[in-house]
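These protein sequence lines map, in sequence, to chains A and B.
For the first sequence, numbering that gives the first Met the number 0 begins at 0 and goes up steadily by one.
For the second sequence, numbering that gives the first Met the number 0 begins at 0 and goes up steadily by one.
Hints are not guaranteed to be accurate.
[As the list claims (entries may be wrong)] Far from chain B, by Cβ distances over 10 angstroms, these chain A residues were calculated:
no., residue
1, Y21
2, R160
3, A164
4, T175
5, V183
6, F207
7, V216
8, V253
9, R260
10, A267
11, A270
[To be verified] Footprint (simulated), chain A over chain B, 3 or more residues, beta carbon under 8 angstroms:
no., region
12, 18-30
13, 123-136
[Stated by the list, open to error] Taking CB as the label site, the calculated pair distances span:
no., chain 1, residue 1, chain 2, residue 2, range
14, A, A261, B, A18, 35 to 43 angstroms
15, B, G191, A, A72, 54 to 62 angstroms
16, B, V19, A, T11, 48 to 56 angstroms
17, B, L181, A, A65, 51 to 59 angstroms
18, A, A72, B, E141, 46 to 54 angstroms
Honestly, the hints are just simulated from the structure, not real lab data.
From the three backbone atoms N, C-alpha and C, an ideal C-beta is built for every residue, glycine too.
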Amino acid sequence: MPGRLGRLLLATLFVVFVLFLYGPTLTIVVLSFQGPDGGLTFPMNGVSLHWFGRLFEQQAVGDFGASITRSLALAAMVTAATVVVSLAAGMAFRRRFPGSSWLFYLTIASLILPSLLVGLGIGLTFNRAEIDTNWWSSAFGAQLTWTLPFGLLIMLAVFNRFDAAWEEAARDLGATPWQSFWHVVLPIVAPSVIGIALFGFTLSFDEFARTLLTAGVDNTLPLEILGMTTTVTTPVLYALGTASTALSFAVIGVALIALWRARARRIAAAAR
Amino acid sequence: MRGAVTSWLLAAPLALVLAVFLVVPLFVLVVVSFYDYDSVRLIPDFVFTNYIEVFGSMVTWRTYAKTFTFAVTVWAITLLIGFWIAYYLTFVIEGTTKRTLLFLICTIPFWTSNLIRMIAWVPFLGRNGLLNQALIGSGAIEEPLEFLLFSDFAVTLAFVHLYTLFMVVPIFNTMMRIDRRLIEAAVDAGAGFWRVLWHVILPLCKPGIAIGSIFVIVLVMGDFATVRLMSGGQSASVGLMISAQISLLQYPAAAANAVVLLAVVLMMVAAILRVVDIRKEL
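Using the sequences and the accompanying hints, generate a full structural model.
Next up, the structure:
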């Protein structure tokens, strides 16, 4: 084990690493409250909500309201599909079936292939099939190739540690497979399912590399931000970043609080 | 047999999504890479011109050299930082609650957009940014440093900022599973800190290091946005080259480049997997 000096060095490294992770993002949150005459960097030229107001003007940002709505709708669709499909696949992978290792490697491939290539492939496929690309069709599928591997890997980790005796007990008591899934398996794995939902949501909400060539004519929020990075030179860019981060954190926070309260209720019910 | 049918039905949605949005698109990508094209349309054909252009052009080789440089640099830095952060969390921090809390602190930035985390470097690195202001204020330099933003330095910094977590998580995961008694045994047998590290901890962390390396290398090799944003268009990467061809609607050329990149990335992953067996991790 490291000596005292070693521990001190490692603790310092950790603190510096955390500052490195958080510092820049916190800086743009502060700078997004820049006064109307303020620039892209310090000093702060007054404090205002001016740049947040500018978000809703068409000329400052493409179409902020529509793109954020689109991103939220797409993230909701991707989250729902990711939860259902990974849960089902996770159940399937609990025993080996013909082709299971092929499907597993295909899922891993989906995770590690460069996103630009996946997007290009899907875009070209739709182009050759003469189907228009849209955020709710091609981009939806493109994002699933990114979220499903995470969902499946979490499910595999969960079922690795799952005690099958619970299901046997249910079966011995006369439960149908569906009843034993609904009343026994699902409540036990529920926290991980919520975890998959949060992963699915945030991965989708921030995704741009696979969405770029598949979203068609209507931009999602990250694509809007990507477009703005080259053209916008005012703190409105920071306001957009702050708004998007806040929204993402709000959704995750609400989900975590709901999860925590559900758990507290269950514990209270069990104690009664 | 009924079991297999049930499993198939349960796995079918996943298989279907991957078939439609991964297998078919990759197949189309390969097919289109042999197409001919002019300025307005794709011409279905079976020609090798796109590949001849890819391999015949010096730009391709230079761009690959540049991309490999980014990948290796970022890999080395993230591995170094990631390993010691994981080590700190595993062996220095005591108590599960504190460890979980510190681990969560490391993962929270993952919930924000990569694009925003890149943009966040602008007020730091810009000509009038915080770093230049601080350096001038301290008297270290007279003129602002120009190379901070829009340079290879900025690209590397942003990559490290974005992807170190992908190294920390798998290494931390394997490190936590090391049986502490092995380390005690080594210490009892007289091994010092570095010998324990080199002969016990490092070999047992290899699968985690391999998974982290695959993530970081693949992410850097396929990147286009970070290089474009952080270098201000002054640097190059394979992904950027492909996206430039796409914006010029030269789809077959882009597809040929993409197929070559795909082969390169798969070879790199295969090389890592040959060195380290990660199967027991999965």
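Consistency of the hints with the structure:
Against the 10 angstroms criterion, Y21/A falls within the reach of chain B, whose nearest CB is about 7 angstroms from its own CB. Taking the minimum C-beta to C-beta distance to chain B, about 13 angstroms, the non-interface status of R160/A holds against the 10 angstroms cut. The non-interface label for A164/A is consistent with chain B: the shortest C-beta to C-beta separation is roughly 19 angstroms, beyond 10 angstroms. Every Cβ of chain B is farther than 10 angstroms from the Cβ of T175/A; the closest lies at roughly 13 angstroms, confirming the non-interface assignment.
Its beta-carbon lying about 17 angstroms from the closest one in chain B, V183/A satisfies the requirement of being farther than 10 angstroms from that chain. For F207/A, the condition that its CB be more than 10 angstroms from all CB atoms of chain B is violated, with the nearest at approximately 6 angstroms. At roughly 16 angstroms from the closest C-beta of chain B, the C-beta of V216/A stays outside 10 angstroms, upholding its exclusion from the interface. With a minimum CB-CB distance of about 13 angstroms to chain B, V253/A clears the 10 angstroms threshold, and the non-interface call stands.
Distance to chain B confirms R260/A as a non-interface residue, since its nearest Cβ pair spans about 19 angstroms, more than 10 angstroms. Residue-level check passed: A267/A sits 22 angstroms from the nearest beta carbon of chain B, beyond 10 angstroms. Residue placement check: A270/A keeps its beta carbon more than 10 angstroms from all beta carbons of chain B (closest about 22 angstroms). Counting residues of the region 18-30 of chain B whose beta carbon lies closer than 8 angstroms to any beta carbon of chain A gives 9, which meets the minimum of three for the stated coverage.
Note: the region 123-136 of chain B has 6 residues with beta-carbon separation from chain A under 8 angstroms; the three-residue rule is met and the coverage holds. Range check, A261/A to A18/B: about 36 angstroms between beta-carbon atoms, so the 35 to 43 angstroms window is met. Range check, G191/B to A72/A: about 58 angstroms between beta-carbon atoms, so the 54 to 62 angstroms window is met. Range check, V19/B to T11/A: Cβ separation about 50 angstroms, and the 48 to 56 angstroms hint holds.
Restraint check, L181/B to A65/A: a C-beta distance of roughly 58 angstroms satisfies the suggested window 51 to 59 angstroms. Checked against the hint of 46 to 54 angstroms, the pair A72/A and E141/B passes, with Cβ atoms roughly 53 angstroms apart.
Against the hints set out earlier in the document, violations occur for numbers 1 and 6.
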